[in-house]
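Novice: Here's the letter readout for the chains.
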Amino acid sequence: MMIQLQAKGIEFGYNSSMILKDVSFEIGPSRLVTIVGPNGSGKSTLIKCIDRILTPKSGSILIDRKDVTKMDRMEIAKNLSYVPQSSARTFSSNVFDTVLMGRRPHIGWLSSDDDEEKVWEVLRLLGIEDLAMSSFGELSGGQQQKVLIARALVQDTKVMLLDEPTSNLDIWHQLDVMNIVSDLVRKRRMTALIALHDLNLASRYSDGIIMMKKGKIMAVGDPASVLTPENIEAIYNVEVAVRSQSEAPFIVPVKQIKRNGSRPNHDGSFFSNGRRRTGFPRSLSEIKEIRLS
Amino acid sequence: MPKTVRRISTRAGKRSRMQEAHDSFVSARYLFMMVIIATIIILTGVIITLGPLDISVADAYRALIDRFYPDYFDVEPLTKRVVWNIRFPRIVGGILAGIGFGVCGCVMQAVLKNPLASPFTLGISAGAQFGISLAAVIGISLVGGPYLLIGNAFFFALLCSGFIIGLAAIKGATSETLVLAGIAVNYFFSAMSQLFKYFADDEQLRLMTSWGMGDLSAFSWNKIPLILCVFAVCIPLLMLKAWDLNIMTAGDETAKSIGVNAEHVRIFIMLISSVVVATVVCFTGTISFIGLVAPHMARMILGGDHRFLIPASGILGAVVLVAADGVAMNVIAPTVIPTGIMTSVIGVPFFMYLMLKGRRKEFWA
Numbered sequence: 305m306m307i308q309l310q311a312k313g314i315e316f317g318y319n320s321s322m323i324l325k326d327v328s329f330e331i332g333p334s335r336l337v338t339i340v341g342p343n344g345s346g347k348s349t350l351i352k353c354i355d356r357i358l359t360p361k362s363g364s365i366l367i368d369r370k371d372v373t374k375m376d377r378m379e380i381a382k383n384l385s386y387v388p389q390s391s392a393r394t395f396s397s398n399v400f401d402t403v404l405m406g407r408r409p410h411i412g413w414l415s416s417d418d419d420e421e422k423v424w425e426v427l428r429l430l431g432i433e434d435l436a437m438s439s440f441g442e443l444s445g446g447q448q449q450k451v452l453i454a455r456a457l458v459q460d461t462k463v464m465l466l467d468e469p470t471s472n473l474d475i476w477h478q479l480d481v482m483n484i485v486s487d488l489v490r491k492r493r494m495t496a497l498i499a500l501h502d503l504n505l506a507s508r509y510s511d512g513i514i515m516m517k518k519g520k521i522m523a524v525g526d527p528a529s530v531l532t533p534e535n536i537e538a539i540y541n542v543e544v545a546v547r548s549q550s551e552a553p554f555i556v557p558v559k560q561i562k563r564n565g566s567r568p569n570h571d572g573s574f575f576s577n578g579r580r581r582t583g584f585p586r587s588l589s590e591i592k593e594i595r596l597s
Numbered sequence: 035m036p037k038t039v040r041r042i043s044t045r046a047g048k049r050s051r052m053q054e055a056h057d058s059f060v061s062a063r064y065l066f067m068m069v070i071i072a073t074i075i076i077l078t079g080v081i082i083t084l085g086p087l088d089i090s091v092a093d094a095y096r097a098l099i100d101r102f103y104p105d106y107f108d109v110e111p112l113t114k115r116v117v118w119n120i121r122f123p124r125i126v127g128g129i130l131a132g133i134g135f136g137v138c139g140c141v142m143q144a145v146l147k148n149p150l151a152s153p154f155t156l157g158i159s160a161g162a163q164f165g166i167s168l169a170a171v172i173g174i175s176l177v178g179g180p181y182l183l184i185g186n187a188f189f190f191a192l193l194c195s196g197f198i199i200g201l202a203a204i205k206g207a208t209s210e211t212l213v214l215a216g217i218a219v220n221y222f223f224s225a226m227s228q229l230f231k232y233f234a235d236d237e238q239l240r241l242m243t244s245w246g247m248g249d250l251s252a253f254s255w256n257k258i259p260l261i262l263c264v265f266a267v268c269i270p271l272l273m274l275k276a277w278d279l280n281i282m283t284a285g286d287e288t289a290k291s292i293g294v295n296a297e298h299v300r301i302f303i304m305l306i307s308s309v310v311v312a313t314v315v316c317f318t319g320t321i322s323f324i325g326l327v328a329p330h331m332a333r334m335i336l337g338g339d340h341r342f343l344i345p346a347s348g349i350l351g352a353v354v355l356v357a358a359d360g361v362a363m364n365v366i367a368p369t370v371i372p373t374g375i376m377t378s379v380i381g382v383p384f385f386m387y388l389m390l391k392g393r394r395k396e397f398w399a
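If you're matching them up, the sequences are chains H and Z in order. Residues in the first sequence are numbered consecutively from 305, following this note's numbering. Residues in the second sequence are numbered consecutively from 35, following this note's numbering.
Hints in this document: simulated from the structure, not taken from any laboratory. Heads up, the beta-carbon is just placed ideally off N, CA and C, and yes, glycines get one too. Some hints here could point you the wrong way.
What the hints assert, rightly or not - Restraint-style ranges between C-beta atoms, simulated for each label pair:
#, chain 1, residue 1, chain 2, residue 2, range
1, H, K559, Z, H298, 31 to 41 Å
2, Z, L262, H, R428, 18 to 28 Å
3, H, D460, Z, G206, 42 to 52 Å
4, Z, R115, H, D376, 52 to 62 Å
5, Z, H298, H, K491, 33 to 43 Å
6, Z, I258, H, S416, 37 to 47 Å
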């Protein structure tokens, strides 16, 4: 079975506080996988560790069976592209120059005709050619997100990492961005790993979902098997109703669950409002290695 | 039209409206570079004519060319002496200082991601001023003779920036921390210089004050080769990092994801630009406005590509400094106003005009 991206036992933390604990997974080619979880669960940290923006304390990351930890930064940039959550810039440049930055791993001091042509191709593909001469700082949030995706695309990598690409967008632009990424995965056979807050977007677009809490992978699989009321309650402390729409689960939040100390008991169950509820499913807390191929 | 643009046109067939707009923008960048180079050449000829001895612009250029082709023009010996021994060395000094401040201001703003950064953000001017004060008041200097003051200024300028670069290298400090550390170092060494001023006699006080105002009168032909050697090594090294600087303005995380080791580039740039600025500032004193504003002027016109921005910031710095010095020398002749003062007096209104005229809300965008 082909494996495009593999993480083995990634651990990351600052001093004694661990943010990622023994994270392992495998993703095959042409897959769109989302990482979901509450704030502070380690989604963005995991993305940054995979791209070596942050250096994990232990573990390995393999792209096409090549170890990312043994690559220099330029080599990593030829294999992995990253779309950041924030696009704040001190000095703005125009959209063309911003996208051309993505060619840095492939070029020397001068950009070639091919590099510039590649930028135009990607701008056309994402429908933002008309913005080429606009200042990046003057664009709307949705337009900026497309430019950042375009910059990652011209890097010509097989794996694209996106850190909450829809977090500041209205619903039209959320769908627009996710459709673009989904199309790239299907048509260019790229693998996309996306940290995402919106469970319904994750449900609608993902081939697989990784659900995290407190730096650990708690559930993994296709949307229908991961986005269950039990899992969501256990991970988010929110009671939800899950309906099915076009085969993808559709999640409606019902209410928050107040817990004393928010911790399950030793037997893996917890009490809420005096009522006993289902605890962490045993299978979730014990998952160490998973596959999304 | 640049060669690259023509080749794309041929291969890809009909170019879109936006591609044509981009081609025009690239051509405009080259045109702007040529215009500012022409401006500095014309300015040199005009400034040489200003002074007690009447020299026409044509005579000024003739005298300059005469050194290389002695039999071609008939130029008065007095004119030649005045041009080559008095007026031209000062202009060359102004050009070099302007280039140094402009280039270093541009790269410092990029690596510190701060539009208020300048070549002096790392405390270079305060360190140099402290070195001057130490030599002037107590007589302590690392080197003696004619380089008593200059040697001290150079050493303490590098000491200050070295401290902050060390902080970046050992502690992995962020750009925000480096700016704050620079401000702290500035305050500390300024306070020490003030302490020396408090105990200085009139002559020492005059020396310290005049250096602090910034002046080009220290330039002479024997000092220019040293500066040229430093520039010949350092400025190409800074230019080599132009792409990385473009990317670093998008943030360290983005830079790393595109293959740029932001921490290493930041330390490298700060180290090289510190050497350039310390070399210039020990001759000129503090002329702080150029390094702050020349990069902004260039950015407003050229956009954010440092392959153009670095040289343009240097040349624009030279234009503003030479023009300001020309006015400073002649506006109330025979009194010469310190260049640092006149640079701000002339440069600020021009900068404000560009800032307010700009269509963008963020003038540095």
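Novice: Does each hint hold? Answer for all of them.
Specialist: These are the hints, each one checked on the structure:
1. H/K559 / Z/H298: 31 to 41 Å: violated (51 Å)
2. Z/L262 / H/R428: 18 to 28 Å: At 47 Å between Cβs, range violated.
3. H/D460 / Z/G206: 42 to 52 Å: violated (30 Å)
4. Z/R115 / H/D376: 52 to 62 Å: Roughly 58 Å apart at Cβ, these two residues keep to the hinted range, so it holds.
5. Z/H298 / H/K491: 33 to 43 Å: holds (37 Å)
6. Z/I258 / H/S416: 37 to 47 Å: The hinted range 37 to 47 Å holds for Z/I258 and H/S416, with Cβ atoms some 38 Å apart.
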